[in-house]
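Enquirer: Throw the hints in and build the complete structure from the sequences for me.
2 protein chains.
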Amino acid sequence: MSSFSIKATAKAVPEKIVTNDDLAKIMDTSDEWISRRTGIKERRVAVSETTTSLCAEVASKLLDKSNVDASQIDFIIVGTMSSDYQTPATAAAVQGIIGANNAIAFDINAACSGFVYGSYTMQSLLNSKPNALGIVIGGEQLSKLINWHDRTTAVLFGDGAGGMLVSNQGSGEVLASNLKTYGDQGKALLAGHMIGDEHFGKVDDQTDQYFHMDGREVFNFATKNVPNSIKEALSEADLDANDVKYFILHQANARIVKNVARKMKVDDQKFPINIDHYGNTAAASEPILLSEMMENGLIAKGDIIVLSGFGGGLTTGTIILRY
Amino acid sequence: MSSFSIKATAKAVPEKIVTNDDLAKIMDTSDEWISRRTGIKERRVAVSETTTSLCAEVASKLLDKSNVDASQIDFIIVGTMSSDYQTPATAAAVQGIIGANNAIAFDINAACSGFVYGSYTMQSLLNSKPNALGIVIGGEQLSKLINWHDRTTAVLFGDGAGGMLVSNQGSGEVLASNLKTYGDQGKALLAGHMIGDEHFGKVDDQTDQYFHMDGREVFNFATKNVPNSIKEALSEADLDANDVKYFILHQANARIVKNVARKMKVDDQKFPINIDHYGNTAAASEPILLSEMMENGLIAKGDIIVLSGFGGGLTTGTIILRY
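Taken in sequence, the protein lines are chains B and Z.
If you count the first sequence from 1, position 179 lands on 179 in the numbering used here, and the numbers rise without skipping.
If you count the second sequence from 1, position 313 lands on 313 in the numbering used here, and the numbers rise without skipping.
Don't read these hints as lab results, they were simulated from the structure.
Since this is a predicted model, take the numbers as computed values, not measurements.
Glycine included, every Cβ here is placed at the ideal spot set by N, Cα and C.
One or more of the hints may lead you astray.
Derived CB-CB ranges, DEER-like [to be verified]:
#1 S3/Z with N274/B: 42 to 50 Å
#2 G170/Z with R36/B: 53 to 61 Å
#3 G99/B with G170/Z: 39 to 47 Å
#4 H149/B with D214/Z: 31 to 39 Å
#5 K129/Z with R216/B: 28 to 36 Å
#6 D214/Z with G99/B: 20 to 28 Å
Lysine to any residue pairs mimicking SDA-like chemistry, simulated, CA-CA at most 25 Å apart [unchecked claim]:
#7 K187/Z with N102/B
#8 K16/Z with I195/B
#9 K231/Z with D184/Z
#10 K25/Z with H199/B
#11 K16/B with Y210/B
#12 K187/B with N101/Z
#13 K245/Z with H277/Z
Expert: What follows is the structure, encoded as structure tokens:
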């Protein structure tokens with residue numbers, strides 16, 4: 001197993017905080033209803049920021065923190081389902097902004113599993129090149145996909161970005177990974193449906209960029225398949241849940257995270273939660289949480305951590321890392 | 001260098017043919033003007049088809065042609081800048097439709113270089129797993145991004161999908177690759193700009209899903225950087241242009257392809273063109289052309305071929321393969 005060493009982590013979130021009470025002013029909902037069902041108290045909503053600007057801010061911070069020059073970066077992957085443009089890719093824009101002229105940059109779309117899918121892909125790319133550095137970012141401006149008149153989905157999502165700078169030199173490594181795609185269940189979570197003009201006889205639905213989610217189905221999917229994904233990865237790495245310092249799960253819903261902890265019979269203190277501040281930020285949620293935990297000194301060299309994403313696709317993805 | 005053997009290639013294009021004369025009926029243009037400047041005579045436009053349905057058709061054909069069962073596929077990558085949804089990814093939808101339950105599926109966005117970026121990533125993923133099979137598809141319904149009232153871009157693009165099924169067993173291999181990203185030049189080709197609602201004070205441009213291209217800048221970019229990309233890849237593989245059977249370039253414009261051949265001092269018979277039938281299909285253009293050449297028996301086992309994509313990002317990407 002080759003090296004996969006995290007040299008730095010960083011996050012960037014919009015300035016504007018939108019509380020549950022703020023939402024209750026524009027739709028029929030309440031702080032009590034939202035927090036009880038989801039654990040969310042507030043989220044960030046981009047006003048002057050964009051998916052690109054948040055991801056570029058993360059990339060700049062990563063370079064600063066790791067004392068790496070932009071020209072040394074070999075790969076930039078952004079996991080996103082809310083790119084500002086269909087082209088250029090967010091990763092290409094970030095590459096241009098930070099001046100990482102030697103980096104191959106592209107976006108990956110695996111929705112809420114985008115950070116894990118991106119990290120898995122990055123590991124594979126780093127393996128192909130000696131002494132290489134990569135930046136993996138999960139970045140979203142999900143507010144673009146929110147219908148503020150649909151209280152069942154509007155209360156759930158938020159904007160933000162997080163990422164890590166990784167080297168294939170050093171003592172960190174990927175101990176196991178377990179990624180799965182369940183395309184047959186994709187209709188349970190839809191967003192950003194784009195169709196074309198009707199000049200040549202096309203008869204179709206209307207373009208509809210908003211989220212549509214079968215919350216019950218996604219909940220059942222996650223609470224069944226995420227524990228399995230983590231267990232299979234632990235088994236592949238010949239590890240026990242007790243060997244893991246933290247399980248850093250996609251922050252879709254505090255109840256899902258607690259349910260997974262219970263199913264795995266692990267103290268839920270090992271399953272950190274920050275959804276109260278950010279809502280569901282899709283591909284950005286694990287790296288934002290990871291970055292905050294690093295800032296708070298909760299993870300030490302040698303610690304084993306689990307990153308696990310799940311959601312649109314439908315998809316699951318678990319990576320076990322030794323930091 | 002590990003094996004990268006193409007087991008099958010396939011394409012799928014919409015039924016509806018839109019000729020230059022058809023376009024001249026709805027905008028101020030002419031067959032003579034379009035063909036002289038671009039080489040395009042007609043393109044396909046999806047009416048009942050979608051990006052997803054075209055990519056799924058390609059995947060099904062690949063399984064049939066290679067006599068591989070869907071359950072044997074390990075990875076599915078779709079390169080696209082015109083996914084039907086922001087989630088699920090097109091690759092996830094394809095995975096569900098063909099029943100490739102064991103495949104990890106995600107989209108890559110590197111615009112017109114998406115097929116080369118996807119193939120490069122696939123090679124890296126296949127290296128990570130013994131005896132693995134992958135499907136790489138470039139698929140686009142670019143008509144969704146076309147403003148039919150803008151004659152400078154509407155005449156250029158078309159819909160379609162192509163792909164290949166690849167094994168890490170067998171005699172085929174990647175001899176060299178050369179991928180570059182020029183994010184600082186990204187504004188020369190924009191499409192699919194998506195912004196959010198203005199509930200929280202956002203003041204921004206309007207959502208504008210259409211293409212905006214500085215044709216002159218993209219032409220100059222391509223005719224400078226594509227020959228360099230191919231030359232650098234040839235040099236890395238210790239090959240001469242004479243060793244190459246065919247240079248399969250992204251079909252952005254027949255004049256770009258001929259210009260690249262001239263700059264490389266290679267007979268342009270080695271640079272096949274099918275843009276006359278399909279227009280610019282972005283990530284789909286090289287695999288559609290590759291598939292047609294395979295069908296026509298133009299490429300034999302052991303032949304060396306070059307795949308080279310370029311465009312939005314801006315990006316270039318070259319892969320040299322021994323078939």
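Enquirer: State for each hint whether it applies.
Expert: Taking the hints in turn, this is what the structure says about them:
1. S3/Z with N274/B: 42 to 50 Å: Roughly 44 Å apart at Cβ, these two residues keep to the hinted range, so it holds.
2. G170/Z with R36/B: 53 to 61 Å: holds (57 Å)
3. G99/B with G170/Z: 39 to 47 Å: holds (41 Å)
4. H149/B with D214/Z: 31 to 39 Å: holds (38 Å)
5. K129/Z with R216/B: 28 to 36 Å: holds (35 Å)
6. D214/Z with G99/B: 20 to 28 Å: holds (21 Å)
7. K187/Z with N102/B: holds (19 Å)
8. K16/Z with I195/B: holds (16 Å)
9. K231/Z with D184/Z: Since the Cα atoms of K231/Z and D184/Z sit roughly 23 Å apart, the hinted pair holds (cutoff 25 Å).
10. K25/Z with H199/B: Satisfied, since the Cα-Cα distance of roughly 11 Å is no more than 25 Å.
11. K16/B with Y210/B: holds (21 Å)
12. K187/B with N101/Z: With a Cα-Cα distance of about 16 Å, the restraint between K187/B and N101/Z holds, given a limit of 25 Å.
13. K245/Z with H277/Z: Satisfied, since the Cα-Cα distance of roughly 23 Å is no more than 25 Å.
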